[in-house]
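Protein chains in written order, with the numbering used here: chain A, 1 to 228; chain R, 1001 to 1228.
Quick caveat, the hints were computed from the structure, so don't treat them as lab data.
Positions of the beta carbon are idealized from the N, C-alpha and C atoms, including for glycine.
Partial selection, computed: residues in chain A whose CB lies under 8 Å from chain R:
| # | residue |
| --- | --- |
| 1 | Gln108 |
| 2 | Leu109 |
| 3 | Ile112 |
| 4 | Ser114 |
| 5 | Phe124 |
Pulled from the structure, derived: some chain R residues nowhere near chain A, Cβ distances all over 12 Å:
| # | residue |
| --- | --- |
| 6 | Val1012 |
| 7 | Asn1014 |
| 8 | Ser1025 |
| 9 | Lys1042 |
| 10 | Thr1045 |
| 11 | Asp1071 |
| 12 | Arg1075 |
| 13 | Asp1135 |
| 14 | Gly1142 |
| 15 | Gly1158 |
| 16 | Glu1195 |
| 17 | Asp1201 |
| 18 | Lys1206 |
| 19 | Lys1223 |
There are 2 protein chains.
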Amino acid sequence: MYKVIFMPSLTVENYLKAIYHLLESEPEGVSTNSLAATLKIKPATVTDMIGKLASARFVKYEKYYGATLTDKGKRTALAIIRKHRLWEVFLSEKLKFSWDEVHEIAEQLEHIDSIELTDRLDMFLGYPKTDPHGDPIPDKNGKITVPELIPLSFAKEGAEGMISGVTEHSPAFLQYLEKNNLTLGTEVMLLEYYEYDLSADIRINKKRQVHLSHEVIKHILIKLHDKH
Amino acid sequence: MYKVIFMPSLTVENYLKAIYHLLESEPEGVSTNSLAATLKIKPATVTDMIGKLASARFVKYEKYYGATLTDKGKRTALAIIRKHRLWEVFLSEKLKFSWDEVHEIAEQLEHIDSIELTDRLDMFLGYPKTDPHGDPIPDKNGKITVPELIPLSFAKEGAEGMISGVTEHSPAFLQYLEKNNLTLGTEVMLLEYYEYDLSADIRINKKRQVHLSHEVIKHILIKLHDKH
DNA sequence: TATTAAATTTAGATTAGCCTAAAATAAATT
DNA sequence: AATTTATTTTAGGCTAATCTAAATTTAATA
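Turn these sequences into a full structure, and let the hints guide you.
In structure tokens form, the structure reads like this:
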């Protein structure tokens, strides 16, 4: 039988975080394969570890049908995500790292184990609501308020909104956005779709017009403006 | 034979740091036993690891006669000590942790691997020269300037100076100093020694007088005032 | 529905970092 | 100088987290 895990190791923390994020697109249960892909390890390794996580009641697991988080697992995952995002704010606001640089360093900082440190950092930063990519920061009780955002690719022609998040965090993508002034807070209006490749013309800050591929607009999240 | 180590793991970093500090009192070579004691592991484990560290040219090692650091080992150790002390300054100055709380958290933060982060943190903190305990911070090239300090227990009767460091970092000791206003920057004068137990009377900030045990004064470092 | 393909699990092996017990060496004491 | 004690090393084992190869189960296709 599987050994019981007490204090979650760095490895366990990374599994839980990955499961949490993957549940977004696989709510019924995260597959062994997608977990292996995100963690860059072999599926066989994942199967074994998921068994241990289930024994320690971090996940609910049915053989061949994927894993979901228990309350305990969700709590643990959210604590790590809270730390990750707070450190990202620190790196961005205080140390002036660009938004494509913060993720990698925060991957390390998120594992620092001190609730007191996390809470003081939160205070020092002025209790930020979101990280530099617009992702919401869970509060100290693990409560997370997910803002109502839609992908820019879901906007109707003529719709206006503000860029408020992204669903792709690779440096390449973020640098692309930066270079095209598509940063958080930017006002955008969807002018016209091109059916054949799902690309679109976008007006930026009521001035400049750009043409963006579907690949780009589907990863930009906007907050729609209320209609008058 | 031993396997060669490329990127120093967390464990390796802790070995190198411990060796660096122990070389202060054992300059001829750090013994297996004292290393085992500081790292809270068994001597047999240390012997094995020292062999690996020697293969990777982090230490020079002669069986039964202890280990010393190579230039490579020293460089690596100083990089960790630099990070440790910079984070201590951050915790103390920015997050308002007391000087007895910073060490434990910095033990984790010192292993974050990003030269860019370290250098930006250094800048953010205003290039501090010392940590909250008065220990000097190596610069980005690993250069460390050790200030000329003497233990308070070495001062002659009548000598005056400023508390500028400690050689004992336990929370208990630091809290004791705090409670007695014996913090960094405090002016002290050695009034009189008591031969039978090596304790002494100390004047604090030209006002209050206290009686301190040898155990205490030997761990307080002062910068002597120039005589006029 | 039978077969093939893909995903998942099982079985057995490896590595880093630790352990205990026993053997070897160095240091201290008589 | 011989013996005892302390330190260090060697030898053999264990665990967490990984791997590869083979077996099993589910999903897709003919």
